[in-house]
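Q: Here are the chains, one letter per residue:
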Amino acid sequence: MSGASPRLPAAVALAASLLGLTFAALSSVDYTKHLDRQVHDVHCSYVPGLGAEASADNACRVAMYSPFAALFRDRYWGGVPIALFAVGSFCFFAAFALYLLLAGRTSPRRAPLFFAVVGFTPLLASIVMGTISALRLGHFCKVCVGIYVSSAVLAVAAIALFVLDRRAPPPPARTPRIVPPTGAADRTLIDDEPYGLSAEARQNELRPDGTWLLPLWFAALGLFTITPALLYVSALPSYSSYITSCGKLDKPATPADPLIHIASPGAVQPVTMFVDPLCPTCKAVHQRLVSEGFLDKLDITLVLFPLDNECNWMVERPFHPGSCAVSKAILCSDHRAMQVLEWAYDNQEDILATAKLPAGQASVRAMISARFPGLDACIDSKETKLRLDKVLRFIVNNKLQVTTPQIFIGDTRLCDEDADMGLAYTMRKLAPALEVK
Amino acid sequence: MKGSGIVALSAGCIALVASVFALQGQVSAAGERLKTGATEEPKSQVAIANDAEAPYCTPPFKQVLQRVLNACGLVGADARHGCQPADVKTLASISDDDFNALFTPLKDRGAVIMFDDGSEKLDDGGKKVIDDLWVDRRGGRYFFVVARASKTGTPDLNRALSHKRANSVLFEIGDKFKDADLDKQVGMLWLGNEFAQLGPEYCQWNVSRDPKKCAAEAINRSAFVSWVDCQL
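First to last, the protein sequences are chains X and V. Just so we're aligned: the first sequence equals residues 3 to 439 in this note's numbering. Just so we're aligned: the second sequence equals residues 2 to 233 in this note's numbering.
Each hint should be verified, as a subset may be incorrect.
[Claimed, not checked] With the Cβ distance kept under 7 Å, some of the chain X side facing chain V (calculated, not the full set):
1) Ala27
2) Val31
3) Asp38
4) Ala97
5) Leu100
6) Tyr101
7) Ala105
8) Leu233
9) Ala237
10) Met316
11) Arg319
12) Leu388
13) Ile397
14) Thr405
Read the hints as simulated data drawn from the structure, not as lab findings. Beta carbons are placed, not taken as given, at the ideal position from N, Cα and C, and that holds for glycine.
Excised from the complex, chain V in its bound form (with noise of 0.2 Å):
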């Protein structure tokens, strides 16, 4: 009986001991691993939210983008809001076609807001096409507005023009949507008639009036509107 209890208890230390040497094992090696920060697999990437890159964010829209972005007030604490075209023209340092070209792709994206000769009123498609958009944000970052006149008329006054119509849109939308931060989303730029004039092809684009009504001077009196889908 004496030799059977002797067998068994060794056993039994053996077989704790071992289980409990085998455990330790485990933990010491987990708590290297938690010191070292090492890893069975590689862990995967995770990505960071942020707003949309769109393919039209090529590294030259991207500079022209930023460069407004910094000078018109939506970067950082500045209180001046908007760019007019002499800004604009020192700012891009590209040529009108150049500067237009930039926008193509948006063109699905966003609409030309039409107004009548000489007014800064929107109309209710106007309106309606505003409102759609801007719900439509997605991932965008910058709600653009880029405002012109046509060649009728002196450049003081068309530039004024276009600076209203500007206004015209960013009013429409804070007056719907009562976004308190309207003044870090919205970037205006107003181009009178001396820069970037839009040809006849852009009445092909979403126009908020009649395509057919539309022609080289109808569709300079307008605010290209969109938002902007680029990593800034």
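Here chain X stands alone, though its shape is the one from the complex (with noise of 0.2 Å):
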């Protein structure tokens, strides 16, 4: 073992970080091309570019949407992604593994140990954004599995490395030089140093410290790291007039409107939400506001706006069926409306599930017994089924899309381009009052 080569650990840190880079890149890429507002395919596979997907609930794309995915989201749109500061950092350990690789022992003594200081970072980085992955989302996105991988084996590699450099043959302790007694003409006095070492002893006892060039590395780590990540702030385009452009709630409510109205005590921004309690996008949306920490500061005036043909003539089909129902339970729970509307969030997959069965609205009816016991009178009154009436009217009044959900700040609308990615950022600019988190 004490002879074998730091070159080979120092290729694997090589192809680590490459592959590292090439995620980190594709992960990127991803993120960027969302910058003009619109929904694209974001790659998610084990394997480096494949497996472009488009659909909501695509692992990836509940990472990058979520507040986790990227750095100063309420200063720049979208933020500063994490994967662009691995871009960095990657290429900076793909260049020093090259060098280690090239150099072998005769880099200076520093330089392994500071790799496997610096090549832990992104496996810490790792950890940490994987627990979050585990913990908040409860998804993991194939890239970042990617990133992780790479990162381990980098930390792997970059461990070995130092330790096989530190068993290199140390040269021998030097002895002190005996020195003959003056008269003693006959001895030859030989140097046995350096010929009598080892050439690889010989070469390690050659090598040069290089502490001074610690600073210099950490320097570059730093620079590689942050360049991208600066380039790309300088490149942002210039958001303001668009997240104000997707128009104005033209007749707000008024207390005479059959609505729901929600605030926590300090709640501080009013906000009129058009949501279906079974549409998917619906429910993220609410979770990023959740996470964000922005729900309880609203002022919620609530408007359900059910995509089932069961009670809105709006739609041809029931697109969320079941729908109709859980309005009419949210509309009948009245201080309790959050709650049945986070129930209906959270057990979404199930009721729509149950809905599409035969005698599947019955099934839905049960559920919504089952948890809040004491609304079914109110559910099929008459006086409930005028009002989810009247809710929708408040719709048709204010002429909007058929589409959920809508979100009007005061009376200006988030975008839906605004509501993912860049959310955090419009709010702030929308409604000041918020503090981001």
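Bring the two chains, given one by one in their own frames, into a single complex with the hints.
A: Now the structure itself:
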């Protein structure tokens, strides 16, 4: 082992860095494409470059839309994607691994130590991000996993490289030279160093220490890491004119409208939210508002907009079957309206699946009754039917699009395009009273 | 060592520059798409929330409806509410049969509320039918009440009677549902016995009393009520 070359782990580290760079670049490209505020396919595969998907529940899209995917999201539309920092740092690690591969044991002694220390940082970042994915998102994005694995391999290779380098044969301890007594002219004095060492040990003995290079290496790592992010920020387009371009609420709610009002004690920003309790996008936006820390600060007028033709004449088929029953349950819940809405969001897939079965409507009603007993009479009443009709008429009077969710900050509509990656930025602009977490 | 360092540093810089260059290209392209509004895929048209539009909303039907709405106080700030026979004749500009034919598609959507001879008083059956119909609004924009009187009596008396019958329906809805916007939703026409009398075949419609007791005279002591599912 002592003679094993550190070149092998250097090669592995180089490969891991390049793989990490590829995954990070793919993730950054996916993120960057969305800067046009449109929805694009997102790569989500363990094989770099494969698996571009358009689906909304794509784990990579979920991760991309999450508040953990980028920094400074309230300052820049979409923020600065974390993957950009990975791009820069993996470039550095690839270069350093290449250096160690080429230089072998001629590299300064401090180089393997430096590489072992900094080569661990991507793994630490991956552990943090992986934990967030597991605990907060409930999904593991495959491209992210690619970065995690690359980081782990890089860390292991960097440690192995350091260990192998340390095990290189040390130069023998210098023994004090015996000065022959004067007159011992018949003895030949031979200096056994360095010629008496093995080639490897001799090489090791000649290696520079390289301590003075450490600050330069750290600076280079820092420079590589932040350069893509700095250039990205400098190239970002201006969004200020776009975020207010999606219209206004023509006829804001009045106390006479039979809408639901929900406000926490700390609510500072009036919003009108048009939602379908069984609409997956509504659920996603709701979760984003919660995770961004906005929801509790919103003074909400909730307008139920079930996209189910059982009660909504504006749709020709039940896009979200069972939604009318759930909407009526929310209308019947008064102060518990948000609780029922969040229950519907949490159980959305089950409710939708149940509603599609034979006798699905009755089964959905049974689910509601089981969770919120005592609402049956209200749900079946003429008053509730009329109230829901009036809620829908409020939507007609405002000539809104037949789509959910629609959120109005004050009376300015939050564009659909700004409800995911650009949410923090847009909320900060449209509702300065809200502080971004 | 020095050569290795130069090679590695160059390679690292090339990788970084290439990555950044590619990403900057993506940012610029996205910025351009943002500016021009160009999309990779055409945007699907999203419907705008509106009243229902049933198949019976033919152009002639909507034309008459629109005239009635304009002239009878449902559209605009006109305080006048409702149309009497002379108005309807003028507004509709169509024959009695054609006028009735317009409402034929509403057979299953509406109902005929029947009254006693010479009376505008609603019975329980009539009230129930009105309540049920009002609640079953769906996407209906206007609730029409077309009140009539039988041939018995003078035209003036029947005109007044049919007016009272239309009002009875309006008051029933107002009392029951306390809707502040009632005036903007309920369109009333009272035809007396002068225009568009119903034939006995209308006894087969959804009537508020026993259809067996329905006859040519009785069916005209009535108010036809229905939501109209047309976009106007």
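Q: Look at each hint and say if it fits the structure.
A: Do the hints match the structure? See the list:
1. Ala27: 6 Å, holds
2. Val31: Because about 6 Å separates Val31 of chain X from the closest Cβ in chain V, which is inside the 7 Å limit, the hint holds.
3. Asp38: Holds. Min distance 4 Å.
4. Ala97: 2 Å, holds
5. Leu100: 4 Å, holds
6. Tyr101: 3 Å, holds
7. Ala105: 4 Å, holds
8. Leu233: Status holds, d = 5 Å.
9. Ala237: 4 Å, holds
10. Met316: 6 Å, holds
11. Arg319: 13 Å, violated
12. Leu388: Since the shortest Cβ distance to chain V is 6 Å, the answer is holds.
13. Ile397: 5 Å, holds
14. Thr405: At about 5 Å, which falls below the 7 Å cut-off, the nearest Cβ of chain V leaves the hint on Thr405 of chain X intact, so it holds.
Of the numbered hints given earlier, the model fails hint 11 alone.
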